[in-house]
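Undergrad: Following the hints, put chain B in place on chain A, whose structure we already have.
These protein sequences, in sequence, are chains A and B. The end of the first sequence is residue 115 by this note's numbering, with every number in the run present. The end of the second sequence is residue 116 by this note's numbering, with every number in the run present.
Don't read these hints as lab results, they were simulated from the structure. Any given hint might turn out to be false.
As the list claims (entries may be wrong) - Listed below are the simulated DSS-like cross-link pairs for lysine-lysine, each with C-alpha atoms no more than 30 Å apart in a straight line:
#1 B/Lys-44 / A/Lys-78
#2 B/Lys-71 / B/Lys-44
#3 A/Lys-49 / A/Lys-78
#4 A/Lys-49 / B/Lys-44
#5 B/Lys-44 / A/Lys-61
#6 B/Lys-78 / B/Lys-44
#7 B/Lys-78 / B/Lys-62
#8 B/Lys-44 / A/Lys-58
#9 A/Lys-61 / A/Lys-71
#10 A/Lys-58 / A/Lys-69
#11 A/Lys-71 / A/Lys-58
#12 B/Lys-11 / B/Lys-71
#13 B/Lys-62 / B/Lys-83
#14 A/Lys-69 / B/Lys-44
#15 A/Lys-71 / B/Lys-44
#16 B/Lys-44 / B/Lys-62
#17 A/Lys-49 / A/Lys-71
#18 B/Lys-78 / B/Lys-11
To be verified - From the structure, some residues in chain B lie toward chain A, with a derived Cβ separation under 10 Å:
#19 Gln-6
#20 Tyr-33
#21 Lys-44
#22 Gln-50
#23 Val-55
#24 Leu-60
#25 Asp-63
#26 Asp-86
#27 Gly-108
#28 Glu-109
C-beta atoms are modelled at their ideal positions from N, C-alpha and C, and glycine is treated no differently.
Listed below, chain by chain, are the residues.
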Amino acid sequence: AQSVSQHNHHVILSEAASLELGCNYSYGGTVNLFWYVQYPGQHLQLLLKYFSGDPLVKGIKGFEAEFIKSKFSFNLRKPSVQWSDTAEYFCAVIALDTGRRALTFGSGTRLQVQP
Amino acid sequence: EAGVAQSPRYKIIEKRQSVAFWCNPISGHATLYWYQQILGQGPKLLIQFQNNGVVDDSQLPKDRFSAERLKGVDSTLKIQPAKLEDSAVYLCASSLSSGRSTGELFFGEGSRLTVL
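Next comes chain A alone, as it looks inside the complex (with noise of 0.2 Å):
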């Protein structure tokens, strides 16, 4: 079965650093990528996926995500952050070959991002 690995659980930094979170999935088949982000007091909220093609993908807010077949990665960065950006960020994956159509989540990684 697929897993995913968020090495980072909180991350804090100030506004107008760089960005970038580490996401790492187990699976040796297609795979369709996924970052989602819950805002405080609100729900998951989908921030950018991939699918094929183009590897590095670019999703709302100014976040992109970087997919890399070989080291089964979707790192997610953002080269500016702002106060607003303080959420928690969850990598997802879901494989695309097996009988198995659900996302399988990360830990997730809490980002506080100080003015």
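TA: Relative to the frame of chain A, chain B by itself:
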């Protein structure tokens, strides 16, 4: 477009009591999921429905948890009897189709359960 609706938002019960959560997915979404999110962890799938049939319930503790999706729309998740370790947020999500799913899910705000 209306999102995924869940109720209640909060519930506090004592152990061994029962509780039920309700979910109304986005209109037209054939697939419905229940996830459990324990504090400090990522969401974990409990059960997945395609229309009113179960696709995956391999991680559902069937001795105490049950779920149904009548008429392929609304769904109810029940816990009976509840244990302390069931304290979590129960998330409902929906998507257009699981058969050719891209995996993109739309989540409700969740139902937070506290078991004392």
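Undergrad: Hints first: check each against the structure and report whether it holds.
TA: Results of checking the hints against the structure:
{"no.": "1", "hint": "B/Lys-44 / A/Lys-78", "result": "holds (27 Å)"}
{"no.": "2", "hint": "B/Lys-71 / B/Lys-44", "result": "holds (25 Å)"}
{"no.": "3", "hint": "A/Lys-49 / A/Lys-78", "result": "holds (15 Å)"}
{"no.": "4", "hint": "A/Lys-49 / B/Lys-44", "result": "holds (19 Å)"}
{"no.": "5", "hint": "B/Lys-44 / A/Lys-61", "result": "holds (27 Å)"}
{"no.": "6", "hint": "B/Lys-78 / B/Lys-44", "result": "holds (16 Å)"}
{"no.": "7", "hint": "B/Lys-78 / B/Lys-62", "result": "holds (10 Å)"}
{"no.": "8", "hint": "B/Lys-44 / A/Lys-58", "result": "holds (26 Å)"}
{"no.": "9", "hint": "A/Lys-61 / A/Lys-71", "result": "holds (26 Å)"}
{"no.": "10", "hint": "A/Lys-58 / A/Lys-69", "result": "holds (17 Å)"}
{"no.": "11", "hint": "A/Lys-71 / A/Lys-58", "result": "holds (20 Å)"}
{"no.": "12", "hint": "B/Lys-11 / B/Lys-71", "result": "holds (26 Å)"}
{"no.": "13", "hint": "B/Lys-62 / B/Lys-83", "result": "holds (13 Å)"}
{"no.": "14", "hint": "A/Lys-69 / B/Lys-44", "result": "holds (24 Å)"}
{"no.": "15", "hint": "A/Lys-71 / B/Lys-44", "result": "holds (24 Å)"}
{"no.": "16", "hint": "B/Lys-44 / B/Lys-62", "result": "holds (15 Å)"}
{"no.": "17", "hint": "A/Lys-49 / A/Lys-71", "result": "holds (18 Å)"}
{"no.": "18", "hint": "B/Lys-78 / B/Lys-11", "result": "holds (13 Å)"}
{"no.": "19", "hint": "Gln-6", "result": "holds (9 Å)"}
{"no.": "20", "hint": "Tyr-33", "result": "holds (6 Å)"}
{"no.": "21", "hint": "Lys-44", "result": "holds (7 Å)"}
{"no.": "22", "hint": "Gln-50", "result": "holds (8 Å)"}
{"no.": "23", "hint": "Val-55", "result": "holds (6 Å)"}
{"no.": "24", "hint": "Leu-60", "result": "violated (12 Å)"}
{"no.": "25", "hint": "Asp-63", "result": "violated (22 Å)"}
{"no.": "26", "hint": "Asp-86", "result": "violated (19 Å)"}
{"no.": "27", "hint": "Gly-108", "result": "holds (6 Å)"}
{"no.": "28", "hint": "Glu-109", "result": "holds (4 Å)"}
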